[in-house]
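Q: The chain contents come next:
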Amino acid sequence: MSLEALEQIKARAEAAVPGALLSVVKNDSPCAQHSLLVDVPHAYAVAQFLRDDPQLRLDYCSNVTGIDFLDAELSEKVKVKKVVDGVEKEVEEVKKTKRAGYLEVVYHLYSISLKQGPVILRQRTPGRADPVRVASLTPLWRSAEFQEREVFDLYGVIFDGHPDLRRILMWDGFKDYPMRKDYVEPDDYEYEPTPHDEVLEKAKAHLPKPEAKA
Amino acid sequence: MLPDPALTGGARKVESVGQGREGELLEVAMGPQHPSTHGVFRMDVVLDGETVVKLKPVFGYLHRNHEKIAENTSYLASMPYTDRLDYFCSLTNNWAYALSVEKLAGLQVPERAEYIRLITAELTRVLNHTCLAGFLLQDMGALGTPLMYAFREREKILDLIESLTGARMMCNYMRFGGCRCDLPLGWIEGVKKVVAEYPRFLDEFETLLSGNEILMARTQGVGKLSAELAVSAGVTGPMLRASGVDYDLRKVDNYGIYSRYPFRVPLGDHGDVYDRYMIRMLEMRESLKILEPALKDIPEGPIVDPKAKLRGFRPKPGEAYGRIETPKGELGFYLLSDGSPNPYRYRVRPPSLINLTILEDMCLGQTVADAIVTLGSVDIVLGEVDR
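Chains as they are written, first to last, in my numbering: chain X, 1 to 214; chain A, 215 to 601.
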């Protein structure tokens, strides 16, 4: 889908769903798969429009995935005009901005009947702290059922409207969300027979504590 | 009781199971160690006598967080890991991953490498479908004979793959922008021989099976899947086409050099287990049709894009979703690069897992024995389902 085509889809979706906040997310890689970012409250309605619109007919939701973005400091090079030693010069300055972390859920939509696609739809949560909620699109595409469960399982995103939101790959009693970028593996591995260096430090936690000599 | 045709998924409660028979329901955990589940996979089945009234698949026994592992290593280092997804078809897994990275980094694939990819992928398809037919018959109770016939032919193809890649199943053969090594001496002749002899085996196999009364009785009208539900549930591959939906990525996406070779896409009528079996049989013959001219046309030349870097490979920031038609369905890789040597996000879209979404819908109202046959016709590999 080219950028112009996506802009048109965006305009049509905005007309069909009043109040929807849509924006095009550009993709700089050579394949140029740009995507459409939709606000969570209108995500379901926009997705329904994409599915039912006779020009698009995106009846097949191929892929659902989550992405975790941590809090980050973005640095951007900005050219600034400055007076250096009485002469006006253009100087490059690094402008730093802080970005709050967020989670994203990405849907890759294709049309089987019209053989077109992909249209990529993104939902973004406001932050990373629990609970993070987005709208479930499973009522529109059954194929999202297991995949949204997987995103819930591994990223901890709660899908409002999902009929059967349970853990799918991890076991039910598992507490954490392993695909998050700040996940720390529990230190309960079977330690090496001949531990050394870092491994030794970690393994010490598992060894029986030497009893204090009386 | 027929499955609810409503396309909204989730926990479909069984309202009534015959009047005054409450308490007779039996909950059975089939698996994770059950010979018919093709690996460590569990179906929690609620039975009313012999009839399935509820079925919940349970996954995760083979989960090793493939995606997290890949996000912690370089792009190339996860290539051998993709072999372990669907361990019957490691060459198509390699191709899907290589294709996605090529989309992400904008690499070109030389002509000869495209031919090698097409030939190995079609060999893999033949191999997978042959085995699947054997397994399906095994699930139906035809113990031994069909499976052994299938494995006899599979070995011939595995020998070829071994002489090319050095491994029977864990091939690790494709590279970004090409392939790892050139064809060994006499390999093309070897493939030609296998391809020329294969139709005879297929004829023999089909004489044995396709018209077999027991096979027809056990599979026809069993595990029906409607076209609308199949499309909505994202079912891909031979399962989708058995329901009569014409969607083959080799035709739709035209990746590789598939547009050069004419082949037909077999479609089913009823969407039952027999159609799924038959589609695979026909697809093998079409694959052989692609292989024959491709083996003649394969040109000389380089096998890797000279711009592709093995060391220090860092694609520019961006994202790409690449997908190919593997024997099991659409295998996709979603990659997000932040400019570092490791992918920031690496996602596998496993066809086996998503084809299982509608397992319950296909099995409701049937007997346990039919549920096993239906599961067998989905063609799952747990390495890919659980990742």
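Just so you know, the hints here were simulated from the structure itself, not pulled from any lab data.
Every value quoted in this text rests on a predicted model; they were computed, and no experiment measured them.
Check each hint, because a few of them may be wrong.
Unchecked claim - Away from chain X, derived, C-beta distances all over 12 Å, residues of chain A:
no., residue
1, A243
2, K270
3, L276
4, Y295
5, L321
6, C395
7, E403
8, G404
9, A447
10, Y475
11, Y558
12, L578
As the list claims (entries may be wrong) - Straight-line C-alpha distance at most 25 Å; calculated DSS-like pairs for lysine-lysine:
no., chain 1, residue 1, chain 2, residue 2
13, X, K26, X, K81
14, A, K530, X, K95
15, X, K181, A, K530
16, X, K77, A, K530
17, A, K282, X, K175
18, A, K530, A, K282
19, X, K175, A, K503
20, X, K202, A, K282
21, A, K370, A, K530
22, A, K465, X, K115
23, A, K530, X, K26
24, X, K96, A, K530
25, X, K98, A, K503
26, X, K181, A, K282
Unchecked claim - Covered stretches of chain A (chain X as the covering partner; in silico rule of three or more C-beta atoms under 8 Å from a C-beta of chain X):
no., region
27, 278 to 291
28, 560 to 572
The beta-carbon is built from N, C-alpha and C at its ideal position, and this holds for glycine as well.
Q: Next step is simple, just say for each hint if it's right about the structure.
A: Going down the list of hints, with the structure as the test:
1. A243: Holds, because the least Cβ-Cβ distance between A243(A) and chain X comes to about 15 Å, which exceeds 12 Å.
2. K270: violated (9 Å)
3. L276: violated (9 Å)
4. Y295: Nearest chain X Cβ is 16 Å from Y295(A), so the label holds.
5. L321: Answer for L321(A): violated, closest chain X Cβ roughly 9 Å.
6. C395: holds (26 Å)
7. E403: holds (38 Å)
8. G404: holds (36 Å)
9. A447: violated (4 Å)
10. Y475: holds (19 Å)
11. Y558: violated (8 Å)
12. L578: About 15 Å separates L578(A) from the closest Cβ of chain X, which puts it past 12 Å; holds.
13. K26(X) with K81(X): Not satisfied, since the Cα-Cα distance of roughly 29 Å exceeds 25 Å.
14. K530(A) with K95(X): holds (21 Å)
15. K181(X) with K530(A): Given that 25 Å is the threshold and the Cα spacing comes to 20 Å, the pair holds.
16. K77(X) with K530(A): Satisfied, since the Cα-Cα distance of roughly 17 Å is no more than 25 Å.
17. K282(A) with K175(X): holds (17 Å)
18. K530(A) with K282(A): holds (21 Å)
19. K175(X) with K503(A): violated (52 Å)
20. K202(X) with K282(A): With a Cα-Cα distance of about 22 Å, the restraint between K202(X) and K282(A) holds, given a limit of 25 Å.
21. K370(A) with K530(A): Violated: K370(A) and K530(A) sit about 42 Å apart, past 25 Å.
22. K465(A) with K115(X): The given pair, whose Cα atoms are some 10 Å apart, holds under the 25 Å limit.
23. K530(A) with K26(X): holds (14 Å)
24. K96(X) with K530(A): Holds: K96(X) and K530(A) sit about 21 Å apart, inside 25 Å.
25. K98(X) with K503(A): violated (58 Å)
26. K181(X) with K282(A): holds (9 Å)
27. 278 to 291: holds (count 3)
28. 560 to 572: holds (count 7)
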